[in-house]
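With chain A held as given, fit chains B and C onto it using these hints.
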Amino acid sequence: MPRWDYAPAPEATDIVTVKDTYGLFIGGEEVEPLSGDYFKTINPATEEVLAAIPEAGLEDIEAAVAAARKAAGTWAAIAPADRAKYLFRIARAMQERQRELAVLETMNGGKPIKESRDIDVPLAGAHFFYYAGWADKLEFAFPGRNAEPLGVCAQVIPWNFPLLMLAWKIAPALATGNTVVLKPAETTPLTALLFAQICHQAGLPAGVVNIVTGAGETGAALVNHPGVDKVAFTGSTEVGKQIQRSLAGSGKHLSLELGGKAANIVFADAPLDQAVEGIVNGIFFNQGHVCCAGSRLLLQESIATRVVSKLKRRLSTLRLGDPLDKNTDIGAINSRAQLDKIKELVGVGVDEGAELYQAPCELPEHGFWFPPTVFTGVSQSHRIAQEEIFGPVLSVLTFRTEDEAVEKANNTPYGLSAGVWTDKGSRILWMADRLKAGVVWANTFNRFDPASPFGGFKESGFGREGGRHGLEPYVRLT
Amino acid sequence: MTRAVSEGPGIVERIGGSVDAVGVEQRAAALGTRSIKKEAKLLGLDLAIRCCDLTTLEGADSPGKIAQLASKAIRPAPTDPSIPHVAALCIYPRLVAPAVAALGDSGVAVASVAGGFPSGQAPLDHRLAEIEAAVSDGAGEIDIVISRGALLAGDQDAVYEEVSRAREACGSAHLKVILETGELASYDRIRCASLVAMAAGADFIKTSTGKISLASTHPTAVVMAEAIRDFAEATSRAVGLKVAGGIKTAKEALRYLVIVNETLGEEWLDPDRFRIGASSVLNDILMQIDKQRSGVYSDPDRYTKD
Amino acid sequence: MAAERLAVNKTYKLYLNGGFPRSESGRSYEITGPDGFLANAVRASRKDVRDAVTAARAASSKWAGLTAYNRGQILYRVAEMMEARSAELVDEVSRAEGIEEAGRQVDEAIDSWVWYAGWTDKIAQVMGSLNPVAGPYFNLTAPEPIGVAGIIAPGESSLAGVVARLAPALCAGNAVVVLASESHPLPAIALSECFATADVPPGVANVLTGHRDELAPVLAAHLDVDALDVTGVGEDKLGEIEEAAAGNVKRVIRAGPGRSPYEVTAFMEMKTVWHPKGA
Numbered sequence: 110m111p112r113w114d115y116a117p118a119p120e121a122t123d124i125v126t127v128k129d130t131y132g133l134f135i136g137g138e139e140v141e142p143l144s145g146d147y148f149k150t151i152n153p154a155t156e157e158v159l160a161a162i163p164e165a166g167l168e169d170i171e172a173a174v175a176a177a178r179k180a181a182g183t184w185a186a187i188a189p190a191d192r193a194k195y196l197f198r199i200a201r202a203m204q205e206r207q208r209e210l211a212v213l214e215t216m217n218g219g220k221p222i223k224e225s226r227d228i229d230v231p232l233a234g235a236h237f238f239y240y241a242g243w244a245d246k247l248e249f250a251f252p253g254r255n256a257e258p259l260g261v262c263a264q265v266i267p268w269n270f271p272l273l274m275l276a277w278k279i280a281p282a283l284a285t286g287n288t289v290v291l292k293p294a295e296t297t298p299l300t301a302l303l304f305a306q307i308c309h310q311a312g313l314p315a316g317v318v319n320i321v322t323g324a325g326e327t328g329a330a331l332v333n334h335p336g337v338d339k340v341a342f343t344g345s346t347e348v349g350k351q352i353q354r355s356l357a358g359s360g361k362h363l364s365l366e367l368g369g370k371a372a373n374i375v376f377a378d379a380p381l382d383q384a385v386e387g388i389v390n391g392i393f394f395n396q397g398h399v400c401c402a403g404s405r406l407l408l409q410e411s412i413a414t415r416v417v418s419k420l421k422r423r424l425s426t427l428r429l430g431d432p433l434d435k436n437t438d439i440g441a442i443n444s445r446a447q448l449d450k451i452k453e454l455v456g457v458g459v460d461e462g463a464e465l466y467q468a469p470c471e472l473p474e475h476g477f478w479f480p481p482t483v484f485t486g487v488s489q490s491h492r493i494a495q496e497e498i499f500g501p502v503l504s505v506l507t508f509r510t511e512d513e514a515v516e517k518a519n520n521t522p523y524g525l526s527a528g529v530w531t532d533k534g535s536r537i538l539w540m541a542d543r544l545k546a547g548v549v550w551a552n553t554f555n556r557f558d559p560a561s562p563f564g565g566f567k568e569s570g571f572g573r574e575g576g577r578h579g580l581e582p583y584v585r586l587t
Numbered sequence: 007m008t009r010a011v012s013e014g015p016g017i018v019e020r021i022g023g024s025v026d027a028v029g030v031e032q033r034a035a036a037l038g039t040r041s042i043k044k045e046a047k048l049l050g051l052d053l054a055i056r057c058c059d060l061t062t063l064e065g066a067d068s069p070g071k072i073a074q075l076a077s078k079a080i081r082p083a084p085t086d087p088s089i090p091h092v093a094a095l096c097i098y099p100r101l102v103a104p105a106v107a108a109l110g111d112s113g114v115a116v117a118s119v120a121g122g123f124p125s126g127q128a129p130l131d132h133r134l135a136e137i138e139a140a141v142s143d144g145a146g147e148i149d150i151v152i153s154r155g156a157l158l159a160g161d162q163d164a165v166y167e168e169v170s171r172a173r174e175a176c177g178s179a180h181l182k183v184i185l186e187t188g189e190l191a192s193y194d195r196i197r198c199a200s201l202v203a204m205a206a207g208a209d210f211i212k213t214s215t216g217k218i219s220l221a222s223t224h225p226t227a228v229v230m231a232e233a234i235r236d237f238a239e240a241t242s243r244a245v246g247l248k249v250a251g252g253i254k255t256a257k258e259a260l261r262y263l264v265i266v267n268e269t270l271g272e273e274w275l276d277p278d279r280f281r282i283g284a285s286s287v288l289n290d291i292l293m294q295i296d297k298q299r300s301g302v303y304s305d306p307d308r309y310t311k312d
Numbered sequence: 017m018a019a020e021r022l023a024v025n026k027t028y029k030l031y032l033n034g035g036f037p038r039s040e041s042g043r044s045y046e047i048t049g050p051d052g053f054l055a056n057a058v059r060a061s062r063k064d065v066r067d068a069v070t071a072a073r074a075a076s077s078k079w080a081g082l083t084a085y086n087r088g089q090i091l092y093r094v095a096e097m098m099e100a101r102s103a104e105l106v107d108e109v110s111r112a113e114g115i116e117e118a119g120r121q122v123d124e125a126i127d128s129w130v131w132y133a134g135w136t137d138k139i140a141q142v143m144g145s146l147n148p149v150a151g152p153y154f155n156l157t158a159p160e161p162i163g164v165a166g167i168i169a170p171g172e173s174s175l176a177g178v179v180a181r182l183a184p185a186l187c188a189g190n191a192v193v194v195l196a197s198e199s200h201p202l203p204a205i206a207l208s209e210c211f212a213t214a215d216v217p218p219g220v221a222n223v224l225t226g227h228r229d230e231l232a233p234v235l236a237a238h239l240d241v242d243a244l245d246v247t248g249v250g251e252d253k254l255g256e257i258e259e260a261a262a263g264n265v266k267r268v269i270r271a272g273p274g275r276s277p278y279e280v281t282a283f284m285e286m287k288t289v290w291h292p293k294g295a
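Chains as they are written, first to last, in the numbering used here: chain A, 110 to 587; chain B, 7 to 312; chain C, 17 to 295.
One chain only, chain A, in its complex shape (with noise of 0.2 Å):
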């Protein structure tokens, strides 16, 4: 028989309307930036480019957050329950057009279309759905204490995961009736703009979202801005400690959702299957474009062998290529400037003398791609073990006893996830106790969930998004 290679299933983009040029979202309108300077956003899978962005300056910035104060009295003031309302038209408006915002978001940010599909985009708008029934409840989110807006909240997201990192922005914010000014990040803002058209079919009042465009300066004048009570980042360890460091003594309110370098544990009676396929879910979900992603596997010396075995096998069946093939499962590389990163960082465990697996696949002569990989024979000393590589690269460690995993899970600056693999209950549990991890993944890995609270421990930053604890980072408690 013939190799039974599964035929192309490209998903159709004829649902999507991508404009030449956009504009930005300030006081409910599209308009042209008064920089007047525009950037082009490309498809990462492709390197074509889609649309002229605004690249908005201090001009913009300053309407932007002038639209946002101006509508933040009011959408403080209107009745919860119509707030709550608002927030589930716009859950609703998402779901309706959930396979236009996975397509584009795929378009645009190289993920394959069956997580943007089956992942971000209904994840987005779940994450709408459970704040809209918070936004009247307050009182009882916070006992003995009234839980007040802080006003304008400026709000900076990655290009990891879009449209979900803006609802988990924007929802708690609005649902706690402060008003947004969003900037998504400089290689990915179309979802963004086509959720600012979705604000707009909500009937959402002028001014509660604003969504400008651009790259990091834009960002650094947003967050400066003295106008802003409250600023909400999402993105790299050392960019957050440079907000940080700017903000100090401003009185501003901070919350930051940084890097990690998870330890994903894998002990000997592990269900071994499974395992792996949280061990591959961990990494190359998303190209391991994932702050969270178990990018340090620890496996009992025991099994080390038979599990990186069983890893290697199972690399040869995920399928690498157009993302918005339906049976791709890993994309592209969201830039040149993240692949030449993960390029770079993958030489270095080279010359460290760990030792290189990567999966047989051909890559796309056009556009960004890294194959899956696996560094084995690596140790906590080597840089692929310290550093965020941010990319579909595994590095294998072992350790003998459980005192050991947890050493060396959390002999790290980071804190924000971590993965248990084990059939015994009780270890489970003495491990969650002892992981430095904001999210521990028992035999599971990876999962998310708007009703679940998720932030990091040390240097992965603070403040939580999701759940009722979701909320405290976006109120005054008096």
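Mixed in with the good hints, there may be bad ones.
Stated by the list, open to error - Below 27 Å or equal to it, Euclidean Cα-Cα: the simulated BS3-like pairs (lysine-lysine) are:
1) K311(B) / K435(A)
2) K435(A) / K257(B)
3) K311(B) / K297(B)
4) K78(C) / K350(A)
5) K253(C) / K350(A)
6) K29(C) / K533(A)
7) K450(A) / K421(A)
8) K517(A) / K452(A)
9) K44(B) / K435(A)
10) K419(A) / K452(A)
11) K293(C) / K533(A)
12) K138(C) / K246(A)
13) K517(A) / K78(C)
14) K435(A) / K297(B)
15) K293(C) / K419(A)
16) K43(B) / K435(A)
Unchecked claim - Chain C is faced by these chain B residues, among others (derived, beta-carbon under 8 Å):
17) D26
18) V28
19) G29
20) G188
21) S192
It should be emphasised that the hints constitute simulated quantities derived from the structure, not laboratory data. Just so you know, even glycine gets a beta-carbon here, dropped at the ideal spot from N, CA and C.
Relative to chain A, chains B and C alone:
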């Protein structure tokens, strides 16, 4: 396909392992999102026919019925020579002789259930005698069911023993061991039963008799395929997988092929290592093939019913 | 008639790792109240800050690992020890601050310990959650101690002020390093003498006295300190201190209004654990 040699009960413990239910169900669901189109679909549907154990296990089965079904097995689509014959005709032991006669040298094997099918509750000697009778009548493949009660009671050894004895009784015939996974009720037990059956000499392990309502499921197939893979790695012996019960559509057949392809690899995409036991899936597969070729949805009465 | 007995003056020292050492630097500075000279307080050094953080880190896992019930009893015992020495504490506060109603401040401080002692075994119940995620998972969020917290105590309200920050931090299960009020540090040292007799494990609470400008930036920048309470930092210094705290993304904490469980969770991390539910 080489005849199985029993590996001994020690291998079960050596391979061991457990299964996380939620994880395996998610894996099966994820494999279910594979979109099989165009040439891949045609290739898959052709393979599904070639791997089909066309089955009739009714009290009303008669020599005449068997003769008709044999002709369907040899020529699923009489007017379309591109359609291959199925792998085997699966029947009760009493009808092996007429089936052998009807199938002749068509290449379609005669598979007989035996060993007190479907309950497997007859005394072991009777079960073994039934196997021997079916083999001597010319059955090339024997499908038996394990004692689920023994496994549930923790008596793995009894299951090992009965499968080993069945293996001997089969002689040169191939042995397919049905786990009746719906009655084992947990993935851990399904994995254990898979390993015991393989260790005792099964050529194939099979999900269900098709006689209880909880038949083959996608996660069950994943668990059994993973056990087969681990067994092959430990012993270098490739055991086949047969899914059966409730498989009525081409789409379902393709889902199982995807599970086998991505869990066990392409070497298992072959009638020697994979079978689909079904009584009514063939015509839907034929309809889907025509739809794929012509682009037009077809009519069920254009396909022969035997 | 016998001559009036000459009083025995107390030497005020640091409280570090359960002991009362002088500064490794051998320095002191003069503390005065409205009535003049009170004592020579220890002027702690950067190295004393380092030693206090080391002691706190070493003690933190033991303190966090005690049962909540046990921690509650220890904090309650702090209240008992303070009550027993309330006359002394009233005297300390009134000499330091020159206020008539020092008694009210001492009562407030003691009652704070009682209040927070009762929270140790309730905080996870009230502030944690079982999260109904859309899938077959058990999902739980519970607060746990951050680790080591630095507290820059308020300059005024020399006893109740420091207790208002220290009690929630210890209730949360952290080990702490406190920089006492620079001008009124003596009541904080008297408080630490209560810790020493209340079974607070050595290193869990460390109290340093000295010059704020010298010590606060060191504590704020220390990479093994996880959280920093800046309630006692003046407006003019807040920028500098918060900037230093960003070096390891410290949680920067300010007092909210009054006693509350939110004062405790400010010193805690929320950890979420997922596990599949399957047979």
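Evaluation of the provided hints:
This hinted pair does not check out: K311(B) and K435(A) have alpha carbons roughly 36 Å apart, beyond 27 Å. Distance restraint check for K435(A) and K257(B): the Cα-Cα separation of roughly 16 Å lies within the 27 Å cut-off, and the hinted pair is therefore satisfied. Taken as a hint, the K311(B) and K297(B) pair is honoured in the structure, with Cα atoms around 19 Å apart against an allowance of 27 Å. A threshold of 27 Å between alpha carbons decides the hint, and for K78(C) with K350(A) the separation of about 30 Å lies outside it, so the pair is violated.
The suggested pairing of K253(C) with K350(A) holds, with an alpha-carbon distance near 19 Å, which does not exceed 27 Å. Distance restraint check for K29(C) and K533(A): the Cα-Cα separation of roughly 50 Å exceeds the 27 Å cut-off, and the hinted pair is therefore not satisfied. Restraint check: the Cα-Cα separation between K450(A) and K421(A) comes to about 24 Å, which is no more than 27 Å; the hinted pair holds. Taking the CA atoms of K517(A) and K452(A), the gap is near 25 Å; set against the 27 Å cutoff, the hint holds.
For the proposed pair K44(B) and K435(A), the alpha carbon gap of about 14 Å is at most 27 Å, so the pair holds. Under the criterion of a C-alpha separation no larger than 27 Å, the hint pairing K419(A) with K452(A) is consistent with the structure, at around 25 Å. The suggested pairing of K293(C) with K533(A) holds, with an alpha-carbon distance near 14 Å, which does not exceed 27 Å. The hinted pair formed by K138(C) and K246(A) meets the criterion: a straight-line CA distance of about 23 Å does not exceed 27 Å.
As the CA atoms of K517(A) and K78(C) are separated by approximately 20 Å, the hinted pair is consistent with the 27 Å bound. At most 27 Å may separate the alpha-carbon atoms for a hinted pair to count; K435(A) and K297(B) meet this at roughly 21 Å. Pair hint K293(C) plus K419(A) holds up; C-alpha atoms about 25 Å apart against a cutoff of 27 Å. Under the criterion of a C-alpha separation no larger than 27 Å, the hint pairing K43(B) with K435(A) is consistent with the structure, at around 11 Å.
Proximity of D26(B) to chain C holds as hinted, the smallest CB-CB distance being about 6 Å (cut-off 8 Å). About 3 Å separates the beta-carbon of V28(B) from the nearest beta-carbon of chain C, less than 8 Å, and the hint is met. Proximity of G29(B) to chain C holds as hinted, the smallest CB-CB distance being about 7 Å (cut-off 8 Å). Hint status for G188(B) relative to chain C: violated, with the closest Cβ pair at about 14 Å, above 8 Å.
Residue-level restraint check for S192(B) holds (minimum Cβ-Cβ distance to chain C is 6 Å; threshold 8 Å).
Comparing the model with each earlier hint shows violations of hints 1, 4, 6, 20; every other hint is respected.
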